[in-house]
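For reference, the chains in residue letters:
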Amino acid sequence: MSLTETPGMKGQPLPQPPAIQRFFGSTVVSVAIYVIVIGMIVWGSFTGAQNMGYNWQWYRVPQYIYSFTDDGFQFGELLIGLGATLQLSITAFILASLLGLLVALLRLSGLVIGSAVAIGYLEFIRNIPLLVLLYLFYYVLGPIFGFDRYTASILTLAVFHSALISEILRAGINAVHKGQWEAAKSIGMSTGQTYRYIILPQSVRFMLPPMTGEVVHLVKSSAIVSVIAVAELTTFGRNIISDTYMSFEIWFTVAMVYMVVTLILSVGVSYLERRYAVDQ
Amino acid sequence: MTGSTPIIEATNLDKFYGTFHALKDVNLTVHSGQKMVICGPSGSGKSTLIRCFNGLEWHNSGKLVIDGIEVHEHSKEIRDLRQEVGMVFQQFNLFPHLTVLENLTIGPMKVRKISQAQAEETARNYLQRVHIPEQADKYPAQLSGGQQQRVAIARSLCMETRIMLFDEPTSALDPEMINEVLDVMVELAETGMTMVVVTHEMGFARKVADTMVFMEDGQIVEVSPPEQFFTNPSSERCRMFLDQILEH
Ligand SMILES: Nc1ncnc2c1ncn2[C@@H]1O[C@H](COP(=O)(O)OP(=O)(O)O)[C@@H](O)[C@H]1O
Ligand SMILES: [Mg+2]
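Protein chains in written order, with the numbering used here: chain A, 2 to 281; chain B, 31 to 278.
Don't read these hints as lab results, they were simulated from the structure. Any given hint could turn out to be false.
Claimed, not checked - If you want the footprint, here are the derived chain B segments under chain A, 3+ residues with CB under 8 angstroms:
(1) 79-92
(2) 136-144
To be verified - With a straight-line Cα cutoff of 20 angstroms, these simulated SDA-like cross-link-like pairs (lysine to any residue) come out:
(3) Lys168(B) to Pro202(A)
(4) Lys106(B) to Glu183(A)
(5) Lys179(A) to Pro126(B)
(6) Lys179(A) to Lys106(B)
(7) Lys143(B) to Glu107(B)
Stated by the list, open to error - DEER-style ranges, computed between Cβ atoms:
(8) Tyr140(A) to Asp44(B): 28 to 36 angstroms
(9) Arg269(B) to His178(A): 36 to 44 angstroms
(10) Pro130(A) to Ser174(B): 53 to 61 angstroms
(11) Asp44(B) to His178(A): 27 to 35 angstroms
(12) Glu274(A) to His102(B): 17 to 25 angstroms
(13) Glu206(B) to Ser110(A): 41 to 49 angstroms
(14) Pro163(B) to Glu274(A): 29 to 37 angstroms
As the structure is a prediction and not an experimental result, all values here were calculated from the model. For glycine and all other residues, C-beta sits at the position ideal for the given N, C-alpha and C.
Can you build the whole structure from these sequences, using the hints too?
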């Protein structure tokens, strides 16, 4: 079957990308390349492990995911860890969104002080590595304000991600046509009412794609709190390894669990996006 | 027809955008019930002037009193003012995420704190007035331009304002839809509403206006009753402008 040229608006053919680009751009070829690359990585690590005489014990892994005992279904340590990771991520994300909204509104407020505070905050956060921020919260602010490692972890993730989230929110708010502000004002709405009933509901569709990226990013960066031994997926993985020495199997499994979660998130949101697409 | 109480009083208004002098010493009085039509070349400051009338722009000097409220950037009563002055925009500016009915009820419900049932009743009344009662549950994107602009007029009417400002309400419309909007505005004029309309639809102006205003270069060049304005304008600039737009 030859590629037929699609007619454009006025009947002339649309410019087509060069053949080689079309070949590599097609879904079948992309999937094939993806499978080959993944296959090579897996094969490479397995033969590598074989050569160093690694003793694979995959059969011991499932018990750390789930098991059946006399009491029925039991969550394994990895699933419990996943639960903790999700709880940590969700709490941090909610906090990060609130903080991000506050910073975005400060920047949009038009007040000189407001934008100065917001920009100062953003620059401060952006220029500190996540790990250092975590140490700051745990070793410095924790003792001063008396909060524990779990709170320190949530605050670290929330603060770190609030910076990017505030930019996403700001861009989404700015993407709404300024005529919407004028219409809302001219029926007497306050700034707060205008945000709540008119602007934010319309911004959502601009924000959804980058926000998903940010949630995925947050779930992944939550692994860093394992360095202060907060009980979550990565920490549990490390604990299992120190008991069993199955580092290859467990790290592969942990990576897969993160991947499954983030893939589900991405697919779910792209479904939502299609459902709530509002045409203007 | 024209009441005697001044409802908009602009005295020596000046407005700058940066260093650009957009309104130059503008003096204008609109009386309660008056129908004023403002015309003039593009960029002459017509939008700027009427946007000052509901606080979408702020004048830099001079005095503006509307319905007894002195309007300036820091006036506490600006939201009260906006509830008295409605505005219809060239680009309609309907809320695309809300249905037609919700577009009409959100203002009364959230700003005037009127119950949903009552707001919907009022909204359906005004939809009837602008001849599109059957479109209540559609979204703006599903309507034609003329219908959207009539919804925008109804939205403004639902706030039960005493003054309505129109900024070139038919300029964004396809020609065949202009009349359906103008007809609604003519009917509105018959109710005694105070109207300030920026438009180049001279047929409408002849039918409705009791005062014509010509602006150029940020200044008000001519204010006169329509009989005089169309037959014997006192300024040469105004005559040339009318010749130009009436040619078509
Ligand atoms: N927000 C703004 N910033 C800078 N200049 C503006 C702004 N709005 C309008 N102007 C300028 O002010 C002048 C008058 O504009 P406007 O009131 O929109 O004219 P009209 O409605 O008569 O076409 C124009 O030259 C325009 O470029
Ligand atoms: Mg204009």
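We went through each hint and held it up to the structure:
1. 79-92: holds (count 3)
2. 136-144: holds (count 5)
3. Lys168(B) to Pro202(A): holds, 18 angstroms
4. Lys106(B) to Glu183(A): holds, 18 angstroms
5. Lys179(A) to Pro126(B): With a Cα-Cα distance of about 13 angstroms, the restraint between Lys179(A) and Pro126(B) holds, given a limit of 20 angstroms.
6. Lys179(A) to Lys106(B): It is violated: about 23 angstroms lies between the C-alpha atoms, which goes past 20 angstroms.
7. Lys143(B) to Glu107(B): OK: Lys143(B) and Glu107(B) at ~17 angstroms, within 20 angstroms.
8. Tyr140(A) to Asp44(B): 28 to 36 angstroms: violated, 60 angstroms
9. Arg269(B) to His178(A): 36 to 44 angstroms: holds, 38 angstroms
10. Pro130(A) to Ser174(B): 53 to 61 angstroms: holds, 56 angstroms
11. Asp44(B) to His178(A): 27 to 35 angstroms: holds, 29 angstroms
12. Glu274(A) to His102(B): 17 to 25 angstroms: Violated, at about 44 angstroms.
13. Glu206(B) to Ser110(A): 41 to 49 angstroms: Given range 41 to 49 angstroms: holds, Cβ gap about 44 angstroms.
14. Pro163(B) to Glu274(A): 29 to 37 angstroms: holds, 34 angstroms
Hint compliance for this structure: hints 6, 8, 12 are not met, and every other hint is.
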